[in-house]
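A.B. asks: Residue numbers (this note's numbering), protein chains in the order written: chain R, 1 to 582; chain V, 1 to 288; chain W, 1 to 320.
Keep in mind that the hints were calculated from the coordinates and are not lab data.
Treat each hint with caution, since some may be false.
[To be verified] Some residues of chain W that are not near chain V, with every Cβ distance over 10 Å (derived): (1) 2; (2) 18; (3) 74; (4) 239; (5) 264; (6) 306; (7) 307.
[Unchecked claim] Quick look at which bits of chain R chain W covers, simulated, 3 or more residues with Cβ under 8 Å: (8) 84-95; (9) 100-106; (10) 153-167.
As the structure is a computational prediction, the values presented were derived from the model and not from experiment.
Where a beta carbon is used, it is the ideal one built from N, C-alpha and C, also for glycine.
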Amino acid sequence: MTLAMNEEVVLTVSDLTVKYGDTTPVDGVSFALRRGERIGLVGESGSGKSLTALSIMGLADRAKLGGTIDLNGTNLLSLSSKQMTRIRGGRVAMVYQDPMSSLNPVMTIGRQLTEAIRLHSTATKASAHLQAIELLTEVGVPFPEERMKQYAHEFSGGMRQRVMIAMAMSGKPDVLIADEPTTALDVTTQAVIIDLLDRLATEHGTAVVLITHDLGIAAGFCESIHVMRHGKIVESAPATQLYAHPENDYSKVLLQSVVDLTIDVTKPIPVASSQAPASAHTVASPTTTPTTSPTTSPTSESGEVVLSVSGLNKTFQLGSGRKITAIDNVSFKVRRGETFGLVGESGSGKSTVSRAVLGLMKVDSGSVDFQGNDVHALKPTALRSLRRRMQMVFQDPFSSLNRRQTVSQIIESPLIAHRIGTRSEREAKVAEMLELVGLGAEFADRYPRTMSGGQCQRVSIARSLVLDPDFMVLDESVSALDVSIQAQVLNLLRELQQRLGLTYLFISHDLAVIRYMADNIAVMRRGEIVELASRDELYSNPQHEYTRSLMAAIPVADPLVERERRKTAAKLAAAYETEEVA
Amino acid sequence: MADPASITLKRTNSSRYGKLRETSWQTWVAVVVLAITVIGSVAAPLIAPFDPTEQSKDRFAGASFEHLFGTDELGRDLFSRVLFGGQLTIFIAIGATAVAMAIGVVWGMLAAFARGWADEILMRLADTVMAIPQMLFALVFISAFGATPERLALIIGILLTPTTARLVRSTVLAEIQEDYFTAAVAYGASPRRLLFNEVLPNVRTPILVQTAINAANVILLEASMSFVGLGIQPPDATWGTLVQQGYQKMYQSFSYVLFPALLILITIWMLNLLADQLGANSKSKGRS
Amino acid sequence: MTRFIIRRVAISIVMLIATSLLVFIVLRLLPGDPIITRLGSTPGVDAETIERLREEAGLGAPIWQQYLSWFGGLLRGDFGQSYFNQFSVNELIALRLPATLEVTGLSVIAAILIAVPAAVISALRPLGRIDRFITATSTIGMALPQFLIGIVLIVVFAVNLKWLPARGFVPFDEDPGGNLIRMILPAFTLALASAPLIMRFLRASMIEVLSSPFIRTARGKGLNAWGVVIGHGLRNALIPSLTMLGLVVGYTLGGVVIIEYVFGIPGLGSLAIDAVFKRDYAVLQSVVLLISAMFIVTTLVVDLLYGVLDPRLRIGARRG
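All chains should be built: construct the whole structure from the sequences, respecting the hints.
C.D. replies: Below, the structure is given as structure tokens:
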């Protein structure tokens, strides 16, 4: 990766403020970008990073903008919307987070590409068509001629993002803004896409603003990084300096909260003492250093088997007659007090396993034995009563809570469903649960829509614990949370496991998080378990090629290491990406 | 760890009256106007200044203090006729809506929970009934059975059932697929609890909206049928029949046709307005 | 794809049969007998004549036989024989069909021409002044039964302004100008009744589409407002609106019955009403079935069109 040779400044943002009504999501942001330089805007949700990008593009509708955005001598904020339209896509272009929803589903890819090309050149239809094919080749889409006639849903996630990048680069912009370009993609594809951006930007001399919450990715790509929080830039530094010696407290917290492959599994993840200003969301602060230190659970074959899954198979029938094998001969055992990790990317079948384990989904063959009961053979009443001992926490913190119920109603629902306790006993139990998950009593009457993701997830956990279960399935329970909140919730989960003697089935796509949480791990791919090992074995000596590529795909928050890692990862993953077949 | 029994949960009252304060002025207007209409019609025997069948020599009189809406070709007071006509119209509207909701909700819920081929059959059945344009179906039925108010209410109610069923089915299906429903299954809620505590509260509003829409459609259909003479027969009168009679005599007295027509218009309008407001309200509160 | 077409057509056929059963059963549920009811007490008609008429109409046979003979006739293209006059139902239908088709077709086209621009303009600035005005107008429009709209239009344009004739019909081949002039009011009435329905649905669809991420992408390319709203927005929003269009055609087919009555148009609708008054079930069942068939075919076409226009339905998701 070459550093910017030219001192020429392409983009200067000075004191940018964005106001919506009485909130100011972007409050005095300033930074500069030189030709060919890569900078990162890093922050969690609500930091204002995306809004900053949209303001540069002139897409921040109905907002009051202040300050100046100088692009090669033109103040973008002073332009009429007609003038801005001509600049957009031409001198500054953007790549968005979710390529599936960012592409028009009923228009061919080719048409969308040629449309972009013709907007910023005088190309004819025929010549634009040819240019489009060239672009597709450049971004690595195989068989571009045929692909031009296809639609967005016929591409895989990585391929779609390549198309989006092609569209953005078609106008030969001076500045390319990439807003969380890899967040919606599988980990193995992420490296490939970042690599592509790297290559293209170098070849065309395009300056890049990378917006991300992932410090690892930023580390490997950006020369300088601006950390954002609550609409302000709290720290700006060259990447190597930021990672080695962060100055601002928040930056420090952010870096420390990152769960990567090097984090110490015996200690809680260090988190900040308070994550929010004194407005909007008041988070009941969890303890900064939990008093209990979790012991590593034994990895040997001791301990009674709580859950035994053997030979699970499930195939889905699609409307058009096609079949998809969701899970194929899945077997594993989970022992009392341990955390069993199930890791895989999208389509691996891990969600299907979680539902099958709880009897929420029927299986074609195989059995699930929970504490001596065959889950799928039980009659409904017996199953319902067994459910008291096995609970689940879902991925999306908001949709897993009934939006018409208050927090206390949500938490006491399981008690009412099983007719446990009198009204006052239930109230007391709800209070106990709230305290257990670190939420203050004032949350009892709140509705989920007034709460943050982390708070909602705590409520979800509280609801799962209210029946005193032995076993919990955590299905991507932290994947939708910000880095620092994620750390808090993981700490909470470990603390609860210690205190209450719980057994966990922890499901995630993030190998680093799994490493932190799980004692034994199964790696899944396309419905099969490709590797099953204890934590130490798996991470020191991964056997299967897929496991190795997954591990290589995890970004590391260290600039020098990260750049090397990415190159290797990209190579490994490229092989897997093109292999994806219907 | 603190003693749980000593922790008191703070109760706030904001949620109880908050909903009332959030209601828009349009909703209030609609509710008030509809209330006046319904009460006025129900109380017709008490309010009407004249007996609607009482004839007089004062034919085709214009609006006046004595005859608020004027008189018709037989000298009958139009205001009284409209009031009593309203009674019958409202009766049919409520009856038909009740039929449509009672059958439609059950039908839709059954289909949504059953899934698979049962769902398919139930929905195809709905499609079949919907395939016959409503007006025609009503005509066919009425021609077979004759049009008494009860029969009219029944048939129009049945006509509106399939659309209601479809709506209920799709809203219930959407809720069933949400995580919170799966979560409730996962903590062992019984089917009864799932239905009443999880699903119903969340589909309440769309169902209410559909009720208002159904009521509006009933009045529309009934008025149309009576207008062509295939609905309620004299001497019974609904607003529809009044419009029909008034239309014949339009040159002699414009108010004859005007007032019942206005009432039809206003009632349906208010019902649609209510449906709109209820629907819009729930959308903004739904997701976070 | 062909599987989809075949399946869909098969369903339509089944529905047609089911509908015919439904119509037939409902009509025959009436206790008593149409001919007896109609002519029973007419002086000069004795029992023998009634019996003979009943025989001719096939009313003596058991119900299922009557159904099969009717249905069999339909398959051959024979819609039956009117009970009370000499015309065969085929002849009656042939006479009346063109008028109904014309009114329905014209009104649907007019409704689309009114509704689409209104929806687009409304969706551009939701809850803005123009939007609120259009929405309020359409709410009132929806509250008017078709016949009321007809009456109002007649009063304004025919009675007061005397610009257009209030009633009547002239076949197109006889006098195209006269035909069209007389079509204006009835077609417009139906259009005004159904335009609000299309408008509201399309507006909601457009608002949803315009807030989708891919619209942001289109703008991000530097596409101008027109290109974004029409090229990406409307194009995507129209597809789900097709279903609404199908429903609106059904609604119009129902309304055509009333409107033909109000405007004195000799179409299938007024034929049906006459048949109801006369209890001529032979005519009524065939006409109702025909109109229902028109609706079923419309929904079939809409569904197939949907499959053609929405690429997501066309091919199973092939990834790679």
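A.B. asks: All hints are to be evaluated individually against the structure, with a verdict given for each.
C.D. replies: Verification of the hints:
1. 2: holds, 21 Å
2. 18: violated, 5 Å
3. 74: The claim holds: residue 74/W sits with its nearest Cβ about 16 Å from chain V, beyond 10 Å.
4. 239: Given that every Cβ of chain V is farther than 10 Å from that of residue 239/W, nearest at about 18 Å, it holds.
5. 264: holds, 13 Å
6. 306: Non-interface label stands for residue 306/W: nearest chain V Cβ at 15 Å, farther than 10 Å.
7. 307: The claim holds: residue 307/W sits with its nearest Cβ about 17 Å from chain V, beyond 10 Å.
8. 84-95: holds (count 8)
9. 100-106: Our answer is that it holds, as 6 residues pass the Cβ test (under 8 Å) against chain W, meeting three.
10. 153-167: The restraint on the stretch 153-167 of chain R holds, since 7 of its residues have a Cβ under 8 Å from chain W and three suffice.
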